[in-house]
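Let's have the full structure, built from the sequences with the hints guiding it.
Residue numbers (the working numbering), protein chains in the order written: chain X, 7 to 417; chain D, 7 to 417; chain P, 722 to 1101; chain V, 722 to 1101.
FYI, nobody ran anything at the bench for these hints, they're computed from the structure.
Check before you lean on any hint, since a few could be wrong.
Stated by the list, open to error - The following residues of chain X were derived to be distant from chain D, with all beta-carbon distances above 10 Å:
#1 HIS50
#2 PHE231
#3 GLY262
#4 THR268
#5 PRO305
#6 SER399
What the hints assert, rightly or not - List time: in silico BS3-like cross-link candidates among lysine-lysine, alpha-carbon distance up to 25 Å:
#7 LYS40/D - LYS164/D
#8 LYS735/V - LYS329/D
#9 LYS322/D - LYS1032/V
#10 LYS84/X - LYS726/P
Built from N, CA and C at the ideal position, the CB exists for glycine as well.
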Amino acid sequence: MSPQNKNESLEHAEFRSYCRDWLSHHDAGTPLVKLPQSAIEIMHPEQLNYLRKWQRDAYSAGLIGCDYPVNEGGAGRKGCQAIANQEMARAGKPFLPNVLGLGMAAPTLHFHAQQALKERLLPRLFSCEDVWCQGFSEPGAGSDLANVQTFAEPKGDKWIINGHKVWTSLAHFADWMILLLRTDKSSKYDGLSYFVVPIKSALGKGVSVQPLIKITGETGFNEVFFDNLEISDDYRLDEVGKGWKVAQTTLLHERGAGPMVTPSSGRGNKKASAVGDAYALIDLAKDSMRDGQSAANDPLLRDQIMQMIIRQEGSKQGARRAKVEGLCEHPMRLPLQTKLVMSEIRQDNAAVALDILGAHSTLSINDENAPAGGEWPLAYMNSYGITIAAGASEIQRNILGERVLGMAKSK
Amino acid sequence: MSPQNKNESLEHAEFRSYCRDWLSHHDAGTPLVKLPQSAIEIMHPEQLNYLRKWQRDAYSAGLIGCDYPVNEGGAGRKGCQAIANQEMARAGKPFLPNVLGLGMAAPTLHFHAQQALKERLLPRLFSCEDVWCQGFSEPGAGSDLANVQTFAEPKGDKWIINGHKVWTSLAHFADWMILLLRTDKSSKYDGLSYFVVPIKSALGKGVSVQPLIKITGETGFNEVFFDNLEISDDYRLDEVGKGWKVAQTTLLHERGAGPMVTPSSGRGNKKASAVGDAYALIDLAKDSMRDGQSAANDPLLRDQIMQMIIRQEGSKQGARRAKVEGLCEHPMRLPLQTKLVMSEIRQDNAAVALDILGAHSTLSINDENAPAGGEWPLAYMNSYGITIAAGASEIQRNILGERVLGMAKSK
Amino acid sequence: MTQAKNFAFGENEKMLRDTARKFLQDNLPTVKLHQLVASDSDPYRDPPCHWDKNLWLQIVELGWSTVIVPEEIGGSGMSLVALCALVEEAGRAALPSPFIATAIASLVLRECHTSPANELLQAIASGKTATLASTPKSASWLASDCDVCLADGTLNGSAYFVQDARKVDTLLVQCKTQSGLALYAVPTNSEGVDIIADGIIDLTRDQAHIHLNRVSVSDTQLLSEQACDVLEAAEPGILTLVSADICGAGEWQLQTTVEYMKVREQFDHPLGYFQALKHPLVNVMIMIDQAKSLTYNAACAVDSEPENAAKFARMAKASASEVAAYASNRSIQSHGGIGFTWECFVHLYSKRQKHNQVLYGDAKYQRAKLADLLMGPVYR
Amino acid sequence: MTQAKNFAFGENEKMLRDTARKFLQDNLPTVKLHQLVASDSDPYRDPPCHWDKNLWLQIVELGWSTVIVPEEIGGSGMSLVALCALVEEAGRAALPSPFIATAIASLVLRECHTSPANELLQAIASGKTATLASTPKSASWLASDCDVCLADGTLNGSAYFVQDARKVDTLLVQCKTQSGLALYAVPTNSEGVDIIADGIIDLTRDQAHIHLNRVSVSDTQLLSEQACDVLEAAEPGILTLVSADICGAGEWQLQTTVEYMKVREQFDHPLGYFQALKHPLVNVMIMIDQAKSLTYNAACAVDSEPENAAKFARMAKASASEVAAYASNRSIQSHGGIGFTWECFVHLYSKRQKHNQVLYGDAKYQRAKLADLLMGPVYR
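And the structure:
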């Protein structure tokens, strides 16, 4: 099979060949520690260091950030990130660790930051020299994100920050944070402003990070406390009071619906890769027994597996159709579904896997006899992270019902 | 098998024996016309006349209204209606036609009417000499029932009624109507009053009835228009402005959660009886083919049928448990579920039947080759009547979430 | 990696589709459709067959029948993707016509590769209509099952679940022969052909079972001697077209219900304010989008990835059949009391969808066949 | 018509249950449970076995172990309905203890009708604990399947999915013999018994697989020579008890989540205002009520309608397994970000429920077996 997609432009075809060639010669090496299922579950520095090297190499080779302008650390290409992503996944490379930087901070900086700030921060973000995290949610501002109370008070050309962010993945490793702050208490939406903050250098000097433990027992997300942290006004994006607008750029990209394609890679090892993929359920069924025979022979499980494969294929073909304007009723209709659909498919894939496993689904990752290393029950529990975070499924349905279908706002 | 239930009192056991004996000797005769699936689908006077005779006979024998006081036309018994109902159903007798009278008007009169009015109206209601209908819903007051706008203006000791009621089943046959009216436009809930109205005698004199056609093509419910209808204040139940309170009695009984047990009988013929019963799906599957073999061999259909049988049995056992205070967390928790659960089971039973029928589910009651006479597709369509009427399922879930679980009112 | 870019849905396909949409909006608004098919509400009526023949003649002039007929025999030689887009519009309008039956017949005919089949395709391109008559009484959708036999040059037996039989000129009758299964073209007005209308729920089409009693056929009517192969080859396209009809009808159900959510108020709010109504409609949208993406993918596969066509078509019809059930459920329930009346248009679409849902196999059937393809058959 | 009135749940049963509820509320509030079982969150920890032995001794004093043991051998001779109510409370408290495993062992023992079985029942009534060790590696729940063999007076082989194995004194080991299947009482500290803890998701119980290597047994340990019949007779009761545990835990999940819906505000309203959260919790309630009604019905049938016990117990466990899945889903999702943390108590119950969901067969399994009872087996 030629590496070229039908109808692909020459430039794209050449870039694809280049990626494939580089990937076939580059070896990410074997990690010395077990890797987690995704970047937001990174617990140990050894995991991060291994993945960071991989991201730096891929960036050096031009596979990351390639659609960004050259002076922002990119390669000034168009439509190439999607190709690089396909090839990195195809090559079975590990995932990229700086996901919040690549998926949220980078596009937000690109669209809203001063030129000097972009030039300073983006190359280090792409190379993973700086790890990024996101300071949006607060104890009282989850689904109701605009209720953010962490306050930035002006003081000359500085801001003094006080407050408390939660569920901040990767904060324990992060150098920088994107931060949604209240600068005016008299107006809910117009009282917000958006900053980037060098968090690691401020640890113990106005910033403290405390790990939270997930239901799986894994760490990976945190509470971040601000106690009179002073930052420069240079770190503000867009105007004071425009924070909600800037945050929309972040959220749109977080939901996979933004104009910049997020760099992404594979999942490294086969076992972890299978978790989350509906087609992997077929092999799981073939390896499992149910009521005295192969689970792959159980008509109910077959039906459930087909349901998942159909939903997953439907989502994949939806991404393809989203590019064909003539086959879309509304330009944001498919893009705004991405996060909701993907997160629910991932959860339901895991639930079907547990059905296939039957009594063996009681076995956890700390059991040496657990089928597939116990990764499926772990994936099931972790799936609530994605149906809750970044706008819970309930909020996503509000957004779709209101912005796409035009029904009345539910609040 | 003895007719006595374990632990049944002697009085109840004797009454059960009496019912069984009377029913075994009484013959309801063969209807000269095809009967509909339930009373609210009665379209033709011949259907009504046949059923009316059966109700009159059963009332004369003491099987209907037996828990009501003697001076209200009852037998002054306690807990006997449930026994009569069981025995009438067991004997496969036709259904009772005056359902809205028996299930809604009678308990409302019993709890809220002046003694004279009860004594005058209830015996004729039980015997089906008077057919009753319900005037609650309006075009602008469906789920939001308290938004009723049909207005009663006082004029001496009379009231002048103007307005428009809809979805009134049996209005085309009804002699009397229970009627929720607005008597004060300045207060939503406290501006309502409750009346009973001799509707048939007023036809053409302030009342007109226009049939509506259902999605099935059947008639049976109507629009009722009031144009300066004058009625006596004697027909008011409870005080002016207490209509919402009185209506709660009606609605509670409509949902099967009221203190008075509604008289009910069987369903007359086997075919119509099967429709709505989950156990009937087993025979339907045995009589149907799917993908070249008996549908009863299809594991997915078997699973669906079992789901329905389990839900139906769960509902039946719930009625049994509702009587055991020690096994209930909240006294209204099971009673208030009845309407929601029964209507959704009925709808889903029909949906599973259509799945079993496969391509044959395209055939309607006007096709002589339709399996089971096409009654299942008809039942499926009619099932929306019950998930929409009498408080749509969405409203029932609000009620349960608010009144039983105590969550905040959704409006 | 061999998938066509943009589902091969280019400017030509878009123009064809947009013209069709406008034509149907102008000529068959739902209020007119309701007058056409729902004037008699009596549930015990004789099975009606309401359609607008004049509208059909205009559709023929617009060239819909020619889309997948090769250019060399009088067609426009476009793709199944293009035809799919037209059928989606037919579904959106709940169009009563011989269009879809004839399109399905065309899919079968183009797999025959015989002179009689090409001649019939040519006739279809110039306005003739046809329908497939191959299903046995058991409603088995397997291409190998049929209840008609050929003996002594005559066809005897019956075909069931024949779509729009009273609107078409020609039946494509599958029959058992001594050497296998054959397919014959039989004019509906042939001696010995008895078309018995089914009483069906759907008001926007007709369905019949057909008895053939000593119907003489000649070699000029022999479309194929490999009927089983032909029908199996055509099946992915057939499933795709029914899926497209469902997607179009589903979109009408969604948009119509959403509009009602905006205008109907209860408790001082438009109904769409209430998440109990809003969120299920979002789910309907997601399901339609999934089915639509899979449908165009399947059409595209029939056109250019035949090795994947069966798999993708099963996915499309499985997904679409779920849409047919759920969009119908929500459209009625969300309309409340109004939705339960004959005068409200939603029942027209619900009934068409319930028919579509089971036609050529429901969701569970498609998934079982898909599992056989992806997992291998069940071994016991 | 032979059903017991009021599920035979009278004043005695109510008092027993109410006392149990209060005892557990006082002695094992959820905060204390969390300290007991969730102090070590490391997902790679060695399988722990946390329980409060002192609490268990108090439970023994309360007489829970004696409930279904006949009076003549030292029990209180109450009904399965009474035991069911206790297990429901154990589920509501997510109690880590050998109580349910021992109750299940009692159900098995009372079907044996042998002296060794009666002696062990008597010992249980005075505080001894036991668990069933009969499941093979494949996790087949059929009573006829096991991976242990008896030869030369010794047991060899393995038993899997043994519940609370590290908390009990005695194993009820099923084994193949030359003449069929037998059941032996094997003290956990016997020579040759190797209990290997499973790493499990559930923090409120332990599970193990057990290797038996030349474990000598004598006739005084022979509980039954008809193990298959015994286990089949006990199965309805076993399913009923697990269902009761699920109902109790489900009620905790419902009430805890509903309370959060009342106190947590977003968009200026308590979360319970939003139908997207409220209505699914109503569905949880309806499902719990269905499962609970079916569970007491099944318990009642075991007590007084043995001919219906298997049928009703399948219904109960099928219904309860759905509760286990859905109540867990909603309790986590409705709690939002908080619900995803280790410090929020909902994960304790979700994990117990996921274990309950599959134990002795999930909903689909129960429905398949129920269909065999109600429809006959599948003929091919």
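| query | Hints broken by the structure, by number, lowest first? | reply | Result: hints 5 and 7 break, sorted rising.
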